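Protein sequence lines, in the order shown, are assigned to chains A and B.
Count the first sequence with the numbering used here and you get residues 100 to 311, in order.
Count the second sequence with the numbering used here and you get residues 100 to 311, in order.
Where hints are given, some of them may not hold.
Unchecked claim - A few chain A residues facing chain B, derived, Cβ under 8 Å: (1) Lys143; (2) Gly154; (3) Val155; (4) His157; (5) Pro158; (6) Met162; (7) Thr173; (8) Phe207; (9) Gln208; (10) Pro263; (11) Tyr283; (12) Ile294.
As the list claims (entries may be wrong) - Straight-line alpha carbon distances no greater than 25 Å define the calculated DSS-like cross-link-like pairs of lysine-lysine that follow: (13) A:Lys213 to B:Lys264; (14) B:Lys143 to A:Lys239; (15) B:Lys213 to B:Lys196; (16) B:Lys143 to B:Lys264; (17) B:Lys264 to A:Lys221; (18) A:Lys221 to B:Lys143; (19) B:Lys271 to B:Lys287.
Worth flagging that the hints you see were computed from the coordinates, not collected in a lab.
Just so it is clear, the structure is predicted and the values come from calculations on it, not from any experiment.
All C-beta atoms, glycine included, are put in the ideal place defined by N, C-alpha and C.
Residues per chain are reported as follows:
Protein chains: 2
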Amino acid sequence: MIEGSKVKLPDWTWEFHGHRCPFMPTGYRMGLVALRELGIDRIKDHGAFALSEMGVGHPQQCMIDGFMSATGCTYGKLMMERLNYGKVASTLFAPGKGAVRVYLRSDFQDVLSKEEFFSYRKKGIEPSDIPSEVTERAIKVVLESSEERMFKVEPLPDFEFSRPKGSFAKVKCTKCGEYVFERYVRIKDGMALCIPCSGFTESRLDALKGMQ
Amino acid sequence: MIEGSKVKLPDWTWEFHGHRCPFMPTGYRMGLVALRELGIDRIKDHGAFALSEMGVGHPQQCMIDGFMSATGCTYGKLMMERLNYGKVASTLFAPGKGAVRVYLRSDFQDVLSKEEFFSYRKKGIEPSDIPSEVTERAIKVVLESSEERMFKVEPLPDFEFSRPKGSFAKVKCTKCGEYVFERYVRIKDGMALCIPCSGFTESRLDALKGMQ
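One chain only, chain A, in its complex shape:
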């Protein structure tokens, strides 16, 4: 447990994220905790999977960029998905190492939400337009609070997850001529088509098919 820690985020995490705010570093710290609990290093490739409980239409999702940056579980590598529970929590899973869930404690959410930064956000002011000293004060709270005060950590011994089976096979859509990976080819009037050309609407649920 780190008391009164002063966590330093690599500069590139801010570059990637695009603005300064308190929730990107919250997610970064959350990711560091999860890595340590599983006893693994930041992944280079596909060695761990992250699930954020954040959803849409509410603030604080910036946490996800921090969690991706700390763990290496990026959305582009398909190692991060959103569960849409609307909770400030993330789960990290590494095959053979187990899974751990980290929740930003309700009491700490209460403390942090009193920061002036959020008065600006509630008025719809974008983070990069908020006075720098206001933003830096909120970031300081996140970087200097003890881990114990911030996070509830739960091992998930029964957690199971597998990625969808991968394939390089692709075909050209009969209509538009563009390449489509086989999983997403649809058949209409006997023709092999991409989803937009087929006109079929598509559920996004298959993104989580590897999960129960």
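Given chain A's structure and the hints, the job is docking chain B onto it.
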């Protein structure tokens, strides 16, 4: 149009992504093209939205990390979603500026797929375990090919998109006591619960509710 361009990616984009590979820079270049076509700069906050047509269970999604890095439309800021069409294409939308779709030309996909890098990937070897000279050769093809050879660019004049309306309102789940943003509170036996405590399964479709 840039002929024989030699694009230089910021070092932090590689740090973020975690390994060297040809598709992260492909996405980065795709993002630069989209920004230029819309006449906008990389976003700091929420000024543009990206949709990748990539799906799951196939290679080349690394493109998404490059597109996020170039445009600033990060998954954490909720400015990037996946459409799951299984196509190597992305759309960038900026209110008042329009939308543009960029597709990695089929002919270029054919050329790139001949790179030895993909023989290793098809054997299941992780990018960071592939001999460096093999990887760098594939990256060189991406960085030095002309934009015209690589990308098909289509303005989408009829594209419409809006983000889900945001709210800071949250309540504590009656059962677990954790905070939940209101949109995700569920009622069961008269109690306000979070989704996991409610036992209700949840579609992820609402992530795209702002879209048609």
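Interface restraint verdict for A:His157 against chain B (beta-carbon cut-off 8 Å):
holds, 4 Å
Taking the closest Cβ pair, is A:Ile294 under 8 Å from chain B?
holds, 5 Å
With a cut-off of 25 Å on the C-alpha distance, tell me whether B:Lys143 and B:Lys264 pass.
holds, 20 Å
So, as I understand it, the hint says A:Pro263 touches chain B; can you test that by seeing if any CB pair is closer than 8 Å?
holds, 4 Å
Supplied contact hint for A:Pro158, tested at 8 Å Cβ to chain B
holds, 6 Å
Restraint: A:Met162 near chain B, CB-CB cut 8 Å. Satisfied or not?
With Cβ-Cβ at 7 Å, under 8 Å, it holds.
Can A:Tyr283 be said to touch chain B, with a Cβ gap under 8 Å?
Given a least distance of 3 Å, the restraint on A:Tyr283 holds.
Mind checking the CB of A:Gly154 against every CB in chain B and telling me if the closest is under 8 Å?
Holds - the Cβ of A:Gly154 comes within 8 Å of chain B, reaching about 5 Å at its closest.
Have a go at the A:Thr173 hint: is there a Cβ in chain B nearer than 8 Å to its own Cβ?
holds, 5 Å
Pairwise hint evaluation, A:Lys221 against B:Lys264, where the allowed Cα distance is 25 Å at most:
holds, 12 Å
Restraint check, 8 Å cut-off on beta carbons, for A:Gln208 near chain B
holds, 6 Å
Restraint check, 8 Å cut-off on beta carbons, for A:Val155 near chain B
With a closest approach of 5 Å, the A:Val155 hint holds.
Of the numbered hints listed earlier, those contradicted by the structure are 8, 15.
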